[in-house]
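**Q** So you can see what is in the structure, the chains are spelled out below.
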Amino acid sequence: MSDATAPHYRELGLTDYEYGLIVEGLGREPREVELAMLSLMWSEHCGYKHSKKLLKRLPSKGAHVLLGPGDNSGVVDVGDDLAVAFKVESHNHPSAVEPFQGAATGVGGILRDIFAVGARPIASLDSLRFGEVGESAHSRYLLEQSVAGIGHYGNSIGVPTVGGEIYFEPSYEHNCLINAMAVGLARHERLTSSAAAGVGNDVVLIGARTGRDGIGGASVLASAEFGEDDANKRPTVQIGDPFAEKKVMECCLELLDRKLIVALQDCGAAGLTSATSEMISKGGVGLDLQLDAVPLREHDMEPFEVMVSESQERMVCIVEPRLLDQVLAVCERWEAPACVIGKITDTGDYRILHDKELIGEIPVPLLVDGCPAYDLAPEPPSEPLYRGGPARLASGASPAETLTALIASANIASRVPVFEQYDPVVQSRTVRRPGQADAAVLALPVLDAETGAAGKPIPGIAITMDGNGLRAAVDPRLGATEAVYEGVANLICAGAEPLGMTNCLNYGNPEKPNMAWQLAEGIEGMRQGCLDLDVPVVSGNVSLYNESPDGPILPTPVVGIVGRLPDVRRAGSSGFGAAGAGARIALVGDLHPVRAGSQIAKLQGEAPVGSLPEKDLKTVRATFRLVRDGVRAGLLATAHDIAEGGIAVALAEMCIGDVAAGAAAGTIGAHVALPKGLDPFGEDLGSAFLVAGDGDAIASLAATAQAPLQVLGEVGGDRLVIDGLLELDVTELLHLNADGLARLLR
Amino acid sequence: MKFGVITFPGTCDDTDAQLAVGRVGEAVPLWHQDRDLHGVDAVIVPGGFSYGDYLRAGAIARFAPVMSSVIEFAHAGGFVLGICNGFQILCEAGLLPGALLPNTSLRFVFRQVNVEVCDRNTPFTRNCPPRLSLPVKHMSGRYYSPEPVQVVLRYAAGENPNGSQDDIAGVINTAGNVLGLMPHPEHAVDALTGSADGMTIFESIRAAVGDRVGNGEGR
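Chain order of the listed sequences is A and B. Letter 527 of the first sequence, counting from 1, is numbered 527 in the working numbering, and no numbers are missing. Letter 1 of the second sequence, counting from 1, is numbered 747 in the working numbering, and no numbers are missing.
Just chain A, with the same shape it has in the complex (with noise of 0.2 Å):
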């Protein structure tokens, strides 16, 4: 076995200081295999060292909350003994490398936290990021494959993509994002820890054998900015195999069901180490892992390989010795392979045996929360970061030119030609498919033909994912706190409320003084919106070095925000069709639109710059109760949040209605009037609403309305008339918005 030198833990990530922490907690130099172990462990990706001290400021403590941050993923209740776990996770670098085997063990890797906790995964969304794929052929490509990925597991998995957002900005063009987020439900008393317990209990490993991929995928890949030589970091991003994860899934729950093992964790960033060490750690026992069990995809492997694989597919379990014969039973009949590979001890530490031979002892507080965590050198830029791109829009040009180029512009285009590629509808709760209201709506109980009769209400969730870089250039803090409360918006459409929330905080090197500074605020920014609305973050995922030779991502905090609605025969449409011909216009809300950050000075190639507007939390918060309580009450068929692209945008949205059930099934005109002095296309996310309802259930909202309320016009004809700006056919809107994507990916 080779000595670690100086420079090979300078290549696994690890800087003379932290190399030093390790040599001082060990009180020798490491082996192989412990530097490999720890120098993952101590990655960012693991340890969250630049972010750790930060993430704490976020509020995540709940009425609803039953799992908070730090177990495989958070878990609220949603009432009748259910409850709902939820995490999002980003595989950014892996798919920048490799779109379609990134995005898919993206979606695998996700998963598996839910399932791990006890939850069988009922839906999933993802939040994208990538270059202008109207101007780059490499964009396009990773689009293409990355989404291909994503359906190919999805799908193949038995689990829906509901929802989920797409963007294009030049800054993505080398590190695109894909944040996945995945939604389980279990009944109460089936969700269970990771948490190992029980002193020579068996340790089992369950799932496929160990390979080579994925070596060092956390420290190398995640951890570190782009560089030039990434194509030779390839054989570093796992292969996916949903058809073994399904069969470990279906294993893993019935082994829950029966109550036959003491925890479950997933395998993910860092393969065996980061599992069984952080299961053990909790548990604050020790651990014999036998080397020499794990069964091996490549014979020659060498044991730190094997330690730090990140082979996909596999999953951990603690097994009283009584049960074991049981466990394997159910594993031979999902056909899922398991065996023992250690067993429990009392002793503290984690050692590994190879052929009979100790060849690693580390003390688990050493490897689990020995890294160090570092106080960031905050700094916000002299200048602009970000700079404008190419003008797409004419400076003369008029409102209704206006509002053709955006509704057909790739950050507000009709997204079917990408969510047709996913099944939605699997596992039949899904209510409102993407394109059908601003957040997913899943019905709670099984629909049979005795559900929902004599009236019982059929309670159900609501969830969306959000977040806006240009906006987050602009002012890293009120951009964060406006994903919050667009998130939430989005939930209050469809009627329902937020029981948690979980993120993924997508930045540039943390060790540079402008990129550390646009992540405190962010994370700022974010604890303010938390606050405001009562939202408890209940899980959560840093993603740092998002950065290419031509210069760091916009900073991109996005949310993932699950919400409880009491009867999803109610749930809103974003539509006007669902109101009707006839039906009663009204914005709700107070709206202060500006251009910075938004899509109008994007297309007219102007940088984020400028300032965003604060909110007035008592208004907004009346707002959203009024639109929430309206839609409940079934007063409100049609609620949509006025977000990109303004209130024009917002109005043309919900004339177009669900661009996949085409002209035939809702598309309709609307006649309204805007307030004197209101921007038709700028932007304030998360503040005010379009909605449509009969007149007098308009009527009856504005007199008792705690919040502004005004009547803008009627649903009804087959144009769009904005007095004194504009007058469009809809049918031509529907078509520019649902051809937009497309055309630009020819």
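Hint data in this document are derived by calculation from the structure and do not stem from the laboratory. Glycine included, C-beta positions come from ideal geometry on N, C-alpha and C. Incorrect hints may appear among the rest.
What the hints assert, rightly or not - Pulled a few chain A residues facing chain B out of the computed Cβ check, cut under 7 Å:
id	residue
1	S156
2	A449
3	R743
Unchecked claim - A partial selection of chain A residues facing chain B, derived with a Cβ cut-off under 7 Å:
id	residue
4	G151
5	N155
6	F243
7	K246
8	Q421
9	V425
10	S428
11	T430
12	L447
13	D567
14	R570
Take the given structure of chain A and dock chain B to it, following the hints.
**A** Relative to the frame of chain A, chain B by itself:
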């Protein structure tokens, strides 16, 4: 009446199919390794990705122990419905003519489509209206047969999602007791989730089984 619903490793729409048939009868789960059909009156071969579709869709599932019983059941006149991956499996097993090729787009496609019921004199469609709104979701749904086939379902004009021959969405065997279709009736059994039109297919099967029992035919 009892509907058997098969689960292979990698089947995804089995619970959906059980829920759907549970609305008109009793759902009986059938396991791929078990040859026993547990006395069911009809067999549903549901959708998904049996064995990962890693060879050719359906090519491995046809060899599962349960399939030899399903083939016997079909030859004895039992009603067998194959949906999506189930359709692919029935073609591979030789119970239906033709084959399902990769979509012309070479991509997975999900879409809610309108399907014309062009033969309403089958045990599977006797209660159906002339047109059904059903979702499709597949990678290999382009039906092709060099021989003439009995077409029961076609995609409505302009809505063919996969490039299938003559817009074919579903075919029946010459004996009239085995139907395969690419659209998913089990995902269209409740207006809340988009459409309830698929129920008419399961209701048709129940009525057909009822007639046989009434005529003393048994199975």
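**Q** Does each hint fit the structure? Answer for all of them.
**A** Each hint tested on the structure:
Annotation: interface hint on S156/A holds; nearest CB of chain B at approximately 4 Å, less than 7 Å. Nearest Cβ of chain B to the Cβ of A449/A: about 5 Å, under the 7 Å cut. The hint holds. Nearest Cβ of chain B to the Cβ of R743/A: about 16 Å, over the 7 Å cut. The hint is violated. Hint status for G151/A relative to chain B: holds, with the closest Cβ pair at about 5 Å, below 7 Å.
Evaluation of the N155/A hint against chain B yields a held restraint, the C-beta minimum of about 6 Å falling below 7 Å. Hint status for F243/A relative to chain B: holds, with the closest Cβ pair at about 3 Å, below 7 Å. Because the beta carbon of K246/A sits about 6 Å from the nearest beta carbon in chain B, less than 7 Å, this interface hint is met. Interface restraint check: Q421/A against chain B, minimum CB-CB distance 5 Å, threshold 7 Å, status holds.
The closest approach between the C-beta of V425/A and any C-beta of chain B is roughly 5 Å, which is under the 7 Å cut-off, so the hint is satisfied. Using the Cβ-Cβ criterion of 7 Å, the hint placing S428/A at the interface with chain B is satisfied: the shortest such distance is roughly 5 Å. Interface hint status for T430/A: upheld, as the beta-carbon distance to the closest one in chain B is roughly 6 Å, under 7 Å. The interface hint given for L447/A is met, as the beta carbon of that residue sits about 5 Å from the closest beta carbon of chain B, less than 7 Å.
A least Cβ separation of about 11 Å between D567/A and chain B goes past the 7 Å threshold, and the interface hint is therefore violated. The closest approach between the C-beta of R570/A and any C-beta of chain B is roughly 11 Å, which is over the 7 Å cut-off, so the hint fails.
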